[in-house]
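There are 2 protein chains.
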Amino acid sequence: MVKQVRAARTRRALVVAAAETFAREGYALATLPAISRRAGVSAGALHFHFASKDDLAVEVESAAADAVAELAERCRPAAAGARQLLVDAACGLLLATVTDPVVRAGFKLGGDPSRRNGARMLHWWRAWVHGLVVQAQAEGELARDVPPDVATAVIVAATVGFEALGAADRDWLAPERLAQLWTFVLPRPAAGGNEEAAGGTGGTGGEADGT
Amino acid sequence: MVKQVRAARTRRALVVAAAETFAREGYALATLPAISRRAGVSAGALHFHFASKDDLAVEVESAAADAVAELAERCRPAAAGARQLLVDAACGLLLATVTDPVVRAGFKLGGDPSRRNGARMLHWWRAWVHGLVVQAQAEGELARDVPPDVATAVIVAATVGFEALGAADRDWLAPERLAQLWTFVLPRPAAGGNEEAAGGTGGTGGEADGT
Numbered sequence: 001m002v003k004q005v006r007a008a009r010t011r012r013a014l015v016v017a018a019a020e021t022f023a024r025e026g027y028a029l030a031t032l033p034a035i036s037r038r039a040g041v042s043a044g045a046l047h048f049h050f051a052s053k054d055d056l057a058v059e060v061e062s063a064a065a066d067a068v069a070e071l072a073e074r075c076r077p078a079a080a081g082a083r084q085l086l087v088d089a090a091c092g093l094l095l096a097t098v099t100d101p102v103v104r105a106g107f108k109l110g111g112d113p114s115r116r117n118g119a120r121m122l123h124w125w126r127a128w129v130h131g132l133v134v135q136a137q138a139e140g141e142l143a144r145d146v147p148p149d150v151a152t153a154v155i156v157a158a159t160v161g162f163e164a165l166g167a168a169d170r171d172w173l174a175p176e177r178l179a180q181l182w183t184f185v186l187p188r189p190a191a192g193g194n195e196e197a198a199g200g201t202g203g204t205g206g207e208a209d210g211t
Numbered sequence: 001m002v003k004q005v006r007a008a009r010t011r012r013a014l015v016v017a018a019a020e021t022f023a024r025e026g027y028a029l030a031t032l033p034a035i036s037r038r039a040g041v042s043a044g045a046l047h048f049h050f051a052s053k054d055d056l057a058v059e060v061e062s063a064a065a066d067a068v069a070e071l072a073e074r075c076r077p078a079a080a081g082a083r084q085l086l087v088d089a090a091c092g093l094l095l096a097t098v099t100d101p102v103v104r105a106g107f108k109l110g111g112d113p114s115r116r117n118g119a120r121m122l123h124w125w126r127a128w129v130h131g132l133v134v135q136a137q138a139e140g141e142l143a144r145d146v147p148p149d150v151a152t153a154v155i156v157a158a159t160v161g162f163e164a165l166g167a168a169d170r171d172w173l174a175p176e177r178l179a180q181l182w183t184f185v186l187p188r189p190a191a192g193g194n195e196e197a198a199g200g201t202g203g204t205g206g207e208a209d210g211t
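So the protein sequences, as listed, match chains C and S.
Counting from 1, position 26 in the first sequence corresponds to residue 26 in my numbering; the numbering is continuous, with no gaps.
Counting from 1, position 164 in the second sequence corresponds to residue 164 in my numbering; the numbering is continuous, with no gaps.
One or more hints might be untrue.
When chains are identical, the list treats them as one kind, so a pair holds in a single copy or across two.
Here are the simulated DMTMM-like pairs of lysine to aspartate or glutamate, each with C-alpha atoms no more than 25 angstroms apart in a straight line [to be verified]:
1) Lys53 x Asp100
2) Lys53 x Glu25
3) Lys53 x Asp112
4) Lys53 x Asp66
5) Lys3 x Asp55
6) Lys3 x Glu59
Quick caveat, the hints were computed from the structure, so don't treat them as lab data.
None of the values given here were measured: they were computed from a predicted structure.
Work out the full structure: start from the sequences and follow the hints.
Laid out in structure tokens, this is it:
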């Protein structure tokens, strides 16, 4: 039993160390010795858990998708509706790129030309965003003159872009700025418009208190 | 004279070959032999023009910034105003990432952790976008409730994100889709022209209360 706990802990340390290494160097330059050294385990222990670098990357990609799914769903109880949930989850995801190497690696591997099927996290994110865009429109909280595919594409692209820019310059990820951004990218229906006559406090108001 | 022309041609071939190699492999994995082979010149010719891989990357980064500046300015005569110019240039830039390896390399090196000052092209793009956002607001073509910094950040991040996603899946860069996107990211002022009387179809509008 104790042995199993220790094995699970070692495996997790290897996944985190691999994520840190992939996020920093990219997949191609990352080496197994660098990863086992960073995890503080022997090369033998690494090989006991993972047969290859590809194996490790697949586990990191899958852990990243799980982390983002969990992060997004954790925002659900506090959010007033689908639009608010989208804003909260998008902000949370970008802030997680600073604190969580697994999420950072998910972005990095998703755009890495040497990983053909590395975009598991981004695929999950895109599908989730699309579902919430449709729901926010049905709830009258998001302008309906925006085709859901277009809104989804802009949200996903902006997420990817902010992560990339934030990796080089942390200023891009200032929390109060992020809240403003998503407000801008997710326009409410026109006040008094023919949609759902949403109250329309408009502008950058609503999300500011989330920070 | 003929010699100078030939030297300029060789230099250009090396820059293009380096751009293709950096865009595909990233800076760290690119090798000088691979670049000279791709350019169809000898290792000696490469070293005659460029002392190091860093030298080559600096020239590619500078060529990318020039290419984007030229591309953006080429859109100017045909554009009806600053907002239209922004949309045209943003679409043109993303389409250029498909056809022009130098532009593609500009994005790649701009986000490459092994290039500290590689973002020359993105810095130019950001400053140019900011100037046009301010101008579009002054011309009454862009909603004024959007802070120029926020609009600029979203436009730059979306450009970076679409390039990254488009590199993995060309569908992200379908031209008719791109045009829709920028229209969405750059909301016009509320119908009725002046923003004090926001009756509004306007996106995030509503802070100005005419009713």
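Going through the hints against the structure:
1. Lys53 x Asp100: For Lys53 and Asp100, only the intra-copy Cα distance (20 angstroms) is at most 25 angstroms; the inter-copy one is 33 angstroms.
2. Lys53 x Glu25: both (14 angstroms within a copy, 18 angstroms between copies)
3. Lys53 x Asp112: The answer is both: 14 angstroms in one copy and 21 angstroms across copies each meet 25 angstroms.
4. Lys53 x Asp66: within (20 angstroms within a copy, 39 angstroms between copies)
5. Lys3 x Asp55: within (22 angstroms within a copy, 53 angstroms between copies)
6. Lys3 x Glu59: within (21 angstroms within a copy, 55 angstroms between copies)
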